[in-house]
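> Each chain, written out:
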Amino acid sequence: MVMPINVNLSDLNLPLLTPMLIAISGGLGILVIDLIKSNLHKSLYVMLALMIFGADLVTVLGTAQGRGFFDLMLFDGLSIVSQILILVASMLFIPLALTSKRFHEFSYPEFFALFVFMVAGLQFMVTTDNLILIFIGIETSSLALYVLIAMHNRFYSFEAAIKYFTMGAVAAGFYAMGSAVIYASTGSVELWQISEALKLGSENSNIILITGGAVLILIAFAFKLSLFPFHTWAPDVYEGSSAPLAGYMSIVPKVAAFTVALRIFSIYIDLGLQSVQSIILILSVVTMTLANIMALVQQDVKRMLAYSSISHAGFVMAAIAIGTTKASTAIFVYYALFMFTNLGAFTMLWISRHKVKAFSDRFDHPYEKFAGMIKIVPMGAVVMALFMLSLAGVPPFSVFWGKLYIISAAVDADYIALAFIMALNSAIAAYYYLKLIVYMFLKDPIKSVDTVYYNISKPLMVVVGIAVFVTVGSVFFFDKLHTYIYTMMLAAGF
Amino acid sequence: MSNILTILVFFPALAGLLGFVIDKNSARVYGVAIATVEFILSLFLWMTFDASNPTFQFIEHFPIVKDFGISYYLGVDGISLFLVVMTTFMTLIGMISMSVKDEIKNMVITLLFLEMTMVGVFLALDAIMFYVFWELSLVPMLYIIGAWGGPLRVYASIKFFLYTFTGSLVMLVGMLIVAYSFSQATGGVWSFAITDWYALGFDMKYQIGLFLAFFIGFAIKVPMFPFHTWLPYAHGQAPTIGSVILAAVLLKMGTYGFVRFSLPMFPDASVLMILPIAIISIIMIIYTAMVAYAQEDMKQVIAYSSVSHMGIVMLGIFAMNSEGISGSVFQMLSHGIVSGALFMLVGVIYDRTHTKYMKDFGGLASIMPRYALVFGIMLMASVGLPLTIGFVGEFLVLIGFYKVSPILTILAGTSIILGAVYMLTLFKRSFFGPVTNEANKKLKDLNANELVSFIPLVAVVVWLGIYPKPVLSIIDNSVNYTLSIMEKKAMTPEAKNIIIVKNSKEAK
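Going down the list, the protein sequences come from chains A and B.
Just so we're aligned, residue 0 is where the first sequence starts under numbering that gives the first Met the number 0, counting upward by one.
Just so we're aligned, residue 0 is where the second sequence starts under numbering that gives the first Met the number 0, counting upward by one.
Keep in mind that the hints were calculated from the coordinates and are not lab data.
Keep in mind that the hints are not guaranteed to be accurate.
[Unchecked claim] Residues from chain B shown here face chain A by an in silico Cβ test under 8 Å; the list is partial:
| no. | residue |
| --- | --- |
| 1 | V28 |
| 2 | V31 |
| 3 | Y130 |
| 4 | F160 |
| 5 | L161 |
| 6 | Y179 |
| 7 | V451 |
[As the list claims (entries may be wrong)] Distance windows between CB atoms, simulated:
| no. | chain 1 | residue 1 | chain 2 | residue 2 | range |
| --- | --- | --- | --- | --- | --- |
| 8 | B | F9 | A | M46 | 32 to 42 Å |
| 9 | A | V461 | B | K443 | 50 to 60 Å |
| 10 | A | T324 | B | L42 | 48 to 58 Å |
| 11 | A | V381 | B | T54 | 39 to 49 Å |
| 12 | A | A490 | B | L274 | 52 to 62 Å |
| 13 | A | S187 | B | F9 | 53 to 63 Å |
| 14 | B | I416 | A | F475 | 47 to 57 Å |
| 15 | A | M378 | B | L386 | 45 to 55 Å |
| 16 | B | L42 | A | M378 | 54 to 64 Å |
| 17 | A | M378 | B | A32 | 17 to 27 Å |
| 18 | A | S277 | B | F43 | 41 to 51 Å |
Here a beta-carbon is modelled for each residue, glycine too, at the ideal position from N, C-alpha and C.
Chain A on its own, in the form it takes in the complex (with noise of 0.2 Å):
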């Protein structure tokens, strides 16, 4: 006979899950709102799902830590860190919608409703630690995600989903499979319990078993990360994507796929497993060289840059393998300030976004595209090159207080290889975001050009002058920044 379930109200915490649900009915209620009167401007949407965010984001910072809702959620620091990297990503990305120019996209509500349940998607991904859970994340924001790439109704545009969801389905199956095998050797798929039974189980069970389903899921998170060698499919991808989106899937989808991996392999690691160590360190060494040497040859900047968030994303996949608190704190911190830098880029990018392809048969932004820009809009290539320094990891700007502490949290663990591995990278690295500032400031106009601020908009100024605030400014807060998150991280037992 089968027990009847008492379950207390009060220990559920439901609270935990207020945030999700904001997300959730506000991305109804912009559907219900369409339904009641259609054609409305796009403003509208974009101020609702920034409220929807601001609100989400008080509600994520307002909750106790815990767990809840049957021990499915966990809201532990790292899930905080990573919900707050995630929305205010968001809250950057969506005015920029807001463009003088009209997009095709933009006009469906059903834009921003998509949009609303993606975030909510990647925050159950983050806030659970449970294996069917987080896949169940992970599909809402895929599926959501795809469609958003499909909208922008271009001919890449389609092609880029479609591959994005061939490999995503690809992905997903690597995931499923995964789970099947780590549950089919501990007995669970709650990752706190499948951490027990290997500890506990360690010297009898079947250790080929065990890292076969680490490597499958590492498989899985390896297509989501773009590292080498699943990393073929986001060129294209970033480049069919609208130049805002692009930017946004290079940071937010990659921050939970982070918080996941670092939940799942941190077990493996803090077990002393070598091989899943070795080989989370060669992927991460192979993807950020290759990337950075496919980026080299690039023609087009938005290709560039996606080849480069392909190398930061190995350079930051490095500190899980190294699986100090130290590190995994980096993972954050890097993200938290590569973002604004890395999205600064391609909203420029977007603002100098074409309709016709002027400039080049194949590319929407090839390199010649931006020469002399000084002498066209001098403020625009200042403001560009200073995000290319930044990426480039030239002090003081943003990313190169990441990529300090990176690269210390790799020292710190006695991985002095690596350290001296991720400097020459930065080295090669910068190579081809000086092309672009060389074109930029050193060239002269290869056509008498009025239009490469062709689709700027207060909003996106707005947008561009956060980002460049943050980047230029990230000294003064970094110490509070890393502070934060290692508290976090502390907190959360990572």
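For this one, chain A is given, so just place chain B on it according to the hints.
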């Protein structure tokens, strides 16, 4: 003014920001005005500097990133004082003599930012801060070479940037390792302050590794053979003002780094490395002098002679005694002034004729006597003629290194002979003999503007050549202090033997 160092560092940058609103035609005067104020500030620093105190003065110290040990830490001692004065002086002179016509406003703003980074490098006592200024100095220089340079400017500027950037990233890892060791030694307290690092001892294996990591960063900047290949390109393509700043100040950052970081932090490794570094230095001195002799382009001659003179500086630093290091620091100043002046002189003739090749000249002395005189004085100073500024440093370095190895010193002494060979050849071919090129007969001699910029340089060259004591004694004081730190820290008997601290004569 207890915060004079902050003012010194950030005043030019702030003025540079304000410079964006200045009208194009007034930009140059604005630049000269700001550079003058900055120079006066640095003179004021010198006047208020306590010459009897060998340690850091005017210290400003407060934390920026507490848990991570990064702080805002400025200070000046005898070694950095004159480098700062030289920097502001050369920036001012460069600004006055500047012949750039197009985009002059951008040039002035860039120069002011560059001045901030240069002064910052010499005054920063926190390793991360040092690194920030060190890296940041690349960006304005990249722009100066790339925007106003010759036909190959883009290649030259990128080469310059990538070389230095790569080297300094390796150095950054070294810095992080040192900081980590510091936190291990103190039980978790992080610090990037150089003065804290001085107290830290390393075992031999670590010292060598760290020394090499820092070495790569500094050696590329100096530039030491075989990392020097970016320099001729950078000089060859850079506009005159770029070459002046590059030769006068940016190269000194590397040698300054050796004095400030490598020696006091890793004394044993430094002593161990004396021989390899001395050999590299002598290769630099002799080989690049020969290369200089083979050049047709006047600017390239001076560029290679820079490398050769930096070899002397390196040799002096690794003499590990007060004569050698003080001589080196003095040689940094003299080379800064002399090579800066020489590049400006080549710039003068280039502006008039648009050629830098010696074959296009000849008999210039009869057409431009004042120009020939100034050129001659600077040339003699560069060769190291007694009673010029170049002699003092070079002589001290050779004396200092004689105590380490007489044979190597004799080899290094050829620098004076070889220097005379290529410099006098240059002088003979361009200035003496009949006027070979008819077009040159119409050339005008130095104008008032140029005289204003050259007369102070000549004055300094002669003044410090005859009476270097006011400068040298202050340098010597701080160098001795650095040596005493090294002596205290040295563990190996070889190191203890080689490092000689001069007993301060004042005490006796």
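> The structure should be examined with respect to each hint, and the outcome stated for every one.
Okay, the hints, checked on the actual structure:
1. Hint status for B:V28 relative to chain A: violated, with the closest Cβ pair at about 22 Å, above 8 Å.
2. For B:V31, the shortest C-beta to C-beta distance to chain A is roughly 23 Å, which exceeds 8 Å, and the interface hint is violated.
3. Given hint, B:Y130 at the interface with chain A, holds; its Cβ is 6 Å from that chain's nearest Cβ, closer than 8 Å.
4. The interface hint given for B:F160 is met, as the beta carbon of that residue sits about 6 Å from the closest beta carbon of chain A, less than 8 Å.
5. For B:L161, the interface hint holds, since its Cβ comes within 8 Å of a Cβ in chain A; the closest pair sits about 6 Å apart.
6. Taking 8 Å as the C-beta cut-off, the interface hint given for B:Y179 holds, the closest approach to chain A being about 5 Å.
7. Taken as an interface hint, B:V451 does not check out: its beta carbon lies about 32 Å from the nearest beta carbon of chain A, beyond 8 Å.
8. Between B:F9 and A:M46 the C-beta distance comes to about 40 Å, which sits within the given range of 32 to 42 Å.
9. One distance hint, 50 to 60 Å for the beta-carbon pair A:V461 and B:K443, holds here, with the actual separation near 55 Å.
10. Against the hinted window of 48 to 58 Å, the Cβ-Cβ separation of A:T324 and B:L42 comes to about 50 Å, which satisfies the hint.
11. In this structure, A:V381 and B:T54 meet the distance hint of 39 to 49 Å, their C-beta atoms being roughly 41 Å apart.
12. Checked against the hint of 52 to 62 Å, the C-beta distance between A:A490 and B:L274 comes to roughly 54 Å, which is consistent with it.
13. Range check, A:S187 to B:F9: about 59 Å between beta-carbon atoms, so the 53 to 63 Å window is met.
14. Separation of B:I416 from A:F475 is about 55 Å and conforms to the stated range, judged on CB atoms against 47 to 57 Å.
15. At about 53 Å, the CB distance of A:M378 to B:L386 agrees with the hint of 45 to 55 Å.
16. B:L42 and A:M378 have their C-beta atoms about 37 Å apart, which leaves the hinted 54 to 64 Å range violated.
17. The given range of 17 to 27 Å is respected by A:M378 and B:A32, whose C-beta atoms sit roughly 25 Å from each other.
18. With their beta carbons about 59 Å apart, A:S277 and B:F43 fall outside the hinted range of 41 to 51 Å.
Hint check: violations occur at hints 1, 2, 7, 16, 18; the rest are consistent with the structure.
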